[in-house]
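Use the sequences and the hints to build the structure in full.
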Amino acid sequence: MSDDSQRLPVTTDQDVVRVRQLVRTVAVAVKLSLVDQTKIVTAASELARNTLVYGGGGEVEVSRVQNDRRAGIRIVFADQGPGIIDLELALTDGYTTGGGLGLGLSGARRLVDEFEIDTEPGKGTTITIVKWCR
Amino acid sequence: MSLSPDEASRFAELLNRHAEPVVARWTELVTAGLRGRLSSAELRRQTADLQHAFQQALAAGATDLGDEAAAELRAQLSELSNGRARQGFSATETAISIYAFKEATLEALGDQSDVAALKEYLAFSSFVDRAALFTFDTYVRVRESIIADQTEQLLELSTPVVKLWEGVVAVPLVGTLDSARAQVVMERLLQTLVDTSSPYAIIDITGVPAVDTQVAQHILKTVVAARLMGADCIISGIRPQIAQTIVALGIEFGDIATKASLADALRHVIGRQKRTER
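Quick note, the sequences are listed as chains A and U, same order.
full-length UniProt numbering numbers the first residue of the first sequence as 1 and each following residue consecutively.
full-length UniProt numbering numbers the first residue of the second sequence as 1 and each following residue consecutively.
What the hints contain is simulated information worked out from the structure, not anything from laboratory work.
Each hint should be verified, as a subset may be incorrect.
Claimed, not checked - Residues from chain U shown here face chain A by an in silico Cβ test under 7 angstroms; the list is partial:
1. Asp-178
2. Ala-210
3. Thr-213
4. Gln-217
5. Gln-244
6. Thr-245
7. Ala-248
8. Glu-252
9. Ile-256
Stated by the list, open to error - Cβ-to-Cβ under 8 angstroms is the rule here; a few derived chain U residues that face chain A:
10. Ala-71
11. Thr-176
12. Gln-241
13. Ile-242
14. Leu-249
Positions of the beta carbon are idealized from the N, C-alpha and C atoms, including for glycine.
This is how it looks when you write it as structure tokens:
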């Protein structure tokens, strides 16, 4: 279902910037509206930073997707970090263990159309987000 | 294959005897390689210095570039690649300047076609190769330091604090606001507030492509710090897509005044100033 997908490692702050630029390029290519472009770029920025800060680095895969009616963009963030022990707590607004605003994970979920999180303590975390064209 | 002390001294003697033609031929080769981007008088001086350094190093019994006897030669090579890197020559062009020395020396050797001479020349050649690689290393190091300097300069450049009106300073933010830049912005802004004794500061984020929680947190911290110093902060340049994203993320700017454009923010501040004057 997906064609050309691109992978980027996330091990430094510069990589987060690179992920953001790649997501913006793909978002423009699938013709997302300006608002949706900004939303998906911001969500990618949050989750890529989480991968770096909490997951200890990982990988991001950005691909164009297509269903029956619409085109979209799918981004997968994967790390082999400590995983999330209490997912419900982590998704609560304002909860943070890293001194941030505590809105990254929960906010990112509100910015996208599909949000799937697969985590196991000690095994790592994989988050998949999708944004469809309107 | 490295030079023996015996071979080194023989090459030193050869270089001494043929100094003039070797330097002339070497300069000619280098000039051709750099396609006239350096004057031949300058190149001639450089190659003469280098030829002398090679000759001295070999005469002192240097069999390897890392030897104590080759210290002066290494210094010369560093200086050469330093200059080339700063003048914008490529790494290849820099290394070729040294490789050309082999060809120039070969011509000075003349028509000796015995195996011993060939062996000696090979050893000498690998010595020069290492010298060329040494310039390559230096070149890369110099380039890296230039890049580091430029990054620093860019950091400074991209965060100007401007006086917009009597008592009003503005920080137009452009590009990515990471922790390092946020720190510079905050320091600059706070210092400017003191220097100009301005009661108002406008942080304009028109040029920031995406405001995520980290950027928001940096801005909020800057605003709080400015408030501690008695200055009021206004955030301007909030475009529609940024506003919607901020709402979806759930970031709250609390009682901080925000405006769509810098002009609105300035009008807002001037209005407040007039009210307080009354």
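A quick look at each hint next to the structure:
no., hint, in the structure
1, Asp-178, "holds, 6 angstroms"
2, Ala-210, "holds, 5 angstroms"
3, Thr-213, "holds, 5 angstroms"
4, Gln-217, "holds, 5 angstroms"
5, Gln-244, "holds, 5 angstroms"
6, Thr-245, "holds, 5 angstroms"
7, Ala-248, "holds, 5 angstroms"
8, Glu-252, "violated, 9 angstroms"
9, Ile-256, "violated, 14 angstroms"
10, Ala-71, "violated, 38 angstroms"
11, Thr-176, "holds, 6 angstroms"
12, Gln-241, "holds, 4 angstroms"
13, Ile-242, "holds, 6 angstroms"
14, Leu-249, "holds, 3 angstroms"
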